[in-house]
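Asker: Knowing the structure of chain F, use the given hints to seat chain U on it.
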Amino acid sequence: MVDREAAIRVRGLRKVYGARAAVDGIDLDVAAGEIFALLGPNGAGKTTTVEILEGYRRRDGGEVTVLGVDPAVATGRRAAADPAARGWRRRIGIVLQGTGEFDELTVGEVVRHFARFYPDADDPAAVIDRVGLTGKVTARTHTLSGGQKRRLDVALGIVGRPDLLFLDEPTTGFDPEARREFWGLVRDLRATGTTIVLTTHYLEEAEALADRVGVIAGGRLIALDTPRQLGNRDSALATVSWRTPDGTWHRTESAAPTAVVTDLAARFDGEVPGLTVTRPTLEDVYLDMIGAR
Amino acid sequence: MSTASLGLRQGGLEIRQFLRSREQVMFTLAFPAIMILVFGSIFTGEIGAGVKFTQYFVTGMIATGLMTAGFQALAIQIPMERDRGVLKRLLGTPMPKWVYFAGKVLMVAFIAVLETAILLAVAALLFGLDLPDSGAKWLTFLWVSVLGITACTLCGVAFSSLARTGRSAPAVVTPVALILQFTSGVFFVFTSLPTWMQNVAAIFPLKWMCQGLRAVFLPESFGAREPAGSYELGRVALVLGLWCVVALVLCLTTFRWTTRRDG
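First to last, the sequence lines map onto chains F and U. Counting from 1, position 131 in the first sequence corresponds to residue 432 in this note's numbering; the numbering is continuous, with no gaps. Counting from 1, position 218 in the second sequence corresponds to residue 359 in this note's numbering; the numbering is continuous, with no gaps.
Just chain F, with the same shape it has in the complex (with noise of 0.2 angstroms):
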C-alpha cells in the first residue's frame, strides 16, 4: 500500500450488552504501514473494539472506517452488490484469540486452502516456511504443539497478502525463542507494508513491535502514545540504586539521576558498586494506568 492515509479510523465507537457499555466512546486513528498495539485487562472491551473493527460484530454507535471502508457495510447484506465492500475482506488478515482446528486435515492442505481463497495469494510453502512449520507440512493439525498451532493461526492469516493484519495475543504458549523468531516476523511483514493491529498481554511484547500502544479499561481508551512516552515514562523520576561496603543497598528516586551518579562516583572515587538506574518499565506504566497497584 502506498498511500499514507488512515488505516483505520473510529469515532466514537459504542458497543452494549443489555445495560452494560463494553465499549464507551472510543476515537482511535491507525496510520497506514504502522503496528499498533491494544493493551487492557480481560473485559475492558479490547475484543469486543478489534471484533467490530474485524466485522464480526456490530456497533452501537459512533462511526468507523477500516481501509476505507465501512465494516457493518463491507460484511452486510448489501456487500455483494458493492465493489469495494466485496474486495474489503481480500485486504484483511485476522489472527483471531483462539486456536481453530482442522480435524484430519494436514498443515499443507488447510494452508493451500485458504490460500485460494485470495485472488493475489503468497505461495503457500513459502508461507508455512516463514512461520517455521515447514517440517510439519504433512502433519495432521490435531497433532501440533499449542505453539505450533498458533504458528498455523499466523500463517491462515498472513497468506493472503493482507493490507492490515489483526493480532489477537498471537504469541500466547510461545517459548521466549519462539516468541523473538515471531516478532522477527512481524517486523518483516510491517517492512513490506502490510499495517498491524496487535493486541497482546506481554508488555515487552508491545515495546518491541508498536509504534504506538493505546489503553483501553472500562470502555474507553485511557491513554495513546509510544510505547517509550506512554503515561510520561521517558520523564518519570529515575530510580538510582547501589551498594554500600558494609553490603547495604541504597536507592534513590531523582528527576536529575545523572547528577546522583555523579555525585556517587565522586563518593566512591570511581566505581560504584552495584550501581543501576532505572525508569518505570512499560508494565509498570501500564499497571499505574489501570489502577493495578
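Take these hints with a grain of salt, some might be off.
To be verified - What follows is a list of derived Cβ distance ranges for each label pair:
id : chain 1 : residue 1 : chain 2 : residue 2 : range
1  : F       : 592       : U       : 163       : 49 to 55 angstroms
2  : F       : 529       : U       : 389       : 55 to 61 angstroms
3  : U       : 163       : F       : 306       : 52 to 58 angstroms
4  : F       : 477       : U       : 311       : 38 to 44 angstroms
5  : F       : 359       : U       : 308       : 24 to 30 angstroms
6  : F       : 388       : U       : 287       : 33 to 39 angstroms
7  : U       : 383       : F       : 435       : 52 to 58 angstroms
8  : F       : 473       : U       : 183       : 54 to 60 angstroms
9  : U       : 308       : F       : 373       : 28 to 34 angstroms
10 : F       : 439       : U       : 319       : 54 to 60 angstroms
11 : U       : 308       : F       : 553       : 56 to 62 angstroms
12 : U       : 316       : F       : 519       : 42 to 48 angstroms
Claimed, not checked - Pulled a few chain U residues facing chain F out of the computed Cβ check, cut under 7 angstroms:
id : residue
13 : 154
14 : 158
15 : 162
16 : 225
17 : 226
18 : 233
19 : 234
20 : 235
21 : 236
22 : 376
Said to hold, decoys possible - Here are a few chain F residues that sit away from chain U, every Cβ distance over 10 angstroms (derived from the structure):
id : residue
23 : 342
24 : 393
25 : 433
26 : 484
27 : 512
28 : 540
29 : 555
30 : 584
Just so you know, the hints here were simulated from the structure itself, not pulled from any lab data. Only a predicted model underlies this, so the values are computations on that prediction, with no experimental measurement involved. Glycine is no exception: its CB is placed at the ideal position from the N, C-alpha and C atoms.
Answerer: What follows is chain U alone, placed relative to chain F:
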C-alpha cells in the same frame, strides 16, 4: 480460482476429513448394513402378499442412512466446528459463504451414495434382496433419494443452530432421529403403528422417504396396504419439497457462524 471450483475443492477437503476419521467411516458406512444383518436374521418370514421382511426393512434402512448422513451428521458436526472456531475463521476470509455449505453437501452426497451401495450389496448377497427391475423404478429411487437427502441436509443445517455447544449437539439431535425412526416405519411395519402415531410421523420427512422407497422395492400391488391405499408418490414429492423450502428458509434466517459467547 473460480468460485465453482472452490466449492468442489471444499467438498474434496470435507470428504478427505471424513475418510481420515476411521471411527466415523466405520460407523456411518457400516451401520445400515449391520442393521439389515440384524433385522434380516431375526425376521426371516414374510409380511404377506409374497413380500419378505428384509425387502420391507431395507427401504427403512436406506432412508435411515440418508437421514443419518444428512440430518444427524450435520446437526452434530456444524455446532462442533462452530465451537472450535472453524466457522468464525472462515467468516473472516473472503470465501463466499455458500462454499462452506457446498462442501457439506458434497460430503453428504458422497457418504449417502457409498453407504446405500454397501447396504444394497449386503442385502442382495445375503438376503436375496430384489433390486428394482425397471428403469422407472430406478428413476423413482433416484428422485426420492435426492429429494429426501436434500430435505435432510437442509434440516441438519437448520437444526445446527439449536445446539448451544458442540458437546450438547448429539444429545439434542439423537432423540429426534431415534423417535422418527421408531414412528416412521423403519423398525416396524408402518401400518402396524397406532393411527395417531402414523399421523404424527406423516408431518416429518422420514415417513415419506420410507414410503417413496417402498414404491421402488415392493411390488405395485403392495401399495394397496399403505394407509392411503397407494404409495402416493405425488404426495411424497410434495411433502419432501415443502420440507426443503421450510428448512432452506430456516437456514437462511437462523444460521449462526459464531457461538453465543461471541455475541
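Asker: Give a verdict on every hint.
Answerer: Checked hints:
Here the CB-CB span from residue 592 of chain F to residue 163 of chain U is close to 54 angstroms, well matched to the stated 49 to 55 angstroms. For the pair residue 529 of chain F and residue 389 of chain U, the beta carbons lie near 57 angstroms from each other, so the given range of 55 to 61 angstroms is met. Roughly 53 angstroms separates the CB atoms of residue 163 of chain U and residue 306 of chain F, a value that falls within the hinted 52 to 58 angstroms. Evaluation of the 38 to 44 angstroms hint for residue 477 of chain F and residue 311 of chain U yields a pass: the beta carbon distance comes to about 42 angstroms.
Look at residue 359 of chain F against residue 308 of chain U: about 28 angstroms separates their beta carbons, and that is inside 24 to 30 angstroms. As the Cβ distance of residue 388 of chain F to residue 287 of chain U is approximately 37 angstroms, the hint placing it in 33 to 39 angstroms holds. Between residue 383 of chain U and residue 435 of chain F the CB atoms are about 53 angstroms apart, so this pair conforms to the stated range of 52 to 58 angstroms. As the Cβ distance of residue 473 of chain F to residue 183 of chain U is approximately 56 angstroms, the hint placing it in 54 to 60 angstroms holds.
For residue 308 of chain U paired with residue 373 of chain F, a C-beta distance near 32 angstroms keeps the hint of 28 to 34 angstroms intact. Remark: the range hint 54 to 60 angstroms for residue 439 of chain F to residue 319 of chain U is contradicted by a beta-carbon distance near 40 angstroms. In this structure the supplied range 56 to 62 angstroms holds for residue 308 of chain U paired with residue 553 of chain F, their Cβ-Cβ distance being about 59 angstroms. At about 45 angstroms, the CB distance of residue 316 of chain U to residue 519 of chain F agrees with the hint of 42 to 48 angstroms.
Nearest Cβ of chain F to the Cβ of residue 154 of chain U: about 6 angstroms, under the 7 angstroms cut. The hint holds. The beta carbon of residue 158 of chain U is positioned within 7 angstroms of a beta carbon in chain F (closest approach about 5 angstroms), and the interface hint is therefore held. Look at residue 162 of chain U: its Cβ gets to within about 6 angstroms of chain F, closer than 7 angstroms, so that hint holds up. A least Cβ separation of about 5 angstroms between residue 225 of chain U and chain F falls short of the 7 angstroms threshold, and the interface hint therefore holds.
Because the beta carbon of residue 226 of chain U sits about 4 angstroms from the nearest beta carbon in chain F, less than 7 angstroms, this interface hint is met. Taking 7 angstroms as the C-beta cut-off, the interface hint given for residue 233 of chain U holds, the closest approach to chain F being about 4 angstroms. The beta carbon of residue 234 of chain U comes within 5 angstroms of a beta carbon in chain F, closer than 7 angstroms, and the hint placing it at the interface holds. Hint status for residue 235 of chain U: holds, given a least beta-carbon distance of 4 angstroms to chain F, under 7 angstroms.
The criterion of a C-beta within 7 angstroms of any C-beta in chain F is met by residue 236 of chain U, whose closest approach is roughly 5 angstroms, and the hint holds. A hinted interface residue such as residue 376 of chain U counts as satisfied when its beta carbon comes closer than 7 angstroms to some beta carbon of chain F; here the least separation is about 36 angstroms, so the hint is violated. Listed as a non-interface residue, residue 342 of chain F keeps its Cβ farther than 10 angstroms from every Cβ of chain U; the least gap is roughly 18 angstroms. The non-interface label for residue 393 of chain F is inconsistent with chain U: the shortest C-beta to C-beta separation is roughly 8 angstroms, within 10 angstroms.
Taking the minimum C-beta to C-beta distance to chain U, about 20 angstroms, the non-interface status of residue 433 of chain F holds against the 10 angstroms cut. Residue placement check: residue 484 of chain F keeps its beta carbon more than 10 angstroms from all beta carbons of chain U (closest about 23 angstroms). The non-interface label for residue 512 of chain F is consistent with chain U: the shortest C-beta to C-beta separation is roughly 24 angstroms, beyond 10 angstroms. Once the 10 angstroms rule is applied to beta carbons, residue 540 of chain F is consistent with being away from chain U; the minimum gap is 43 angstroms.
The Cβ of residue 555 of chain F sits about 49 angstroms from the closest Cβ of chain U, beyond the 10 angstroms cut-off, so the non-interface label holds. Every CB of chain U is more than 10 angstroms from the CB of residue 584 of chain F (nearest about 29 angstroms), matching its label as outside the interface.
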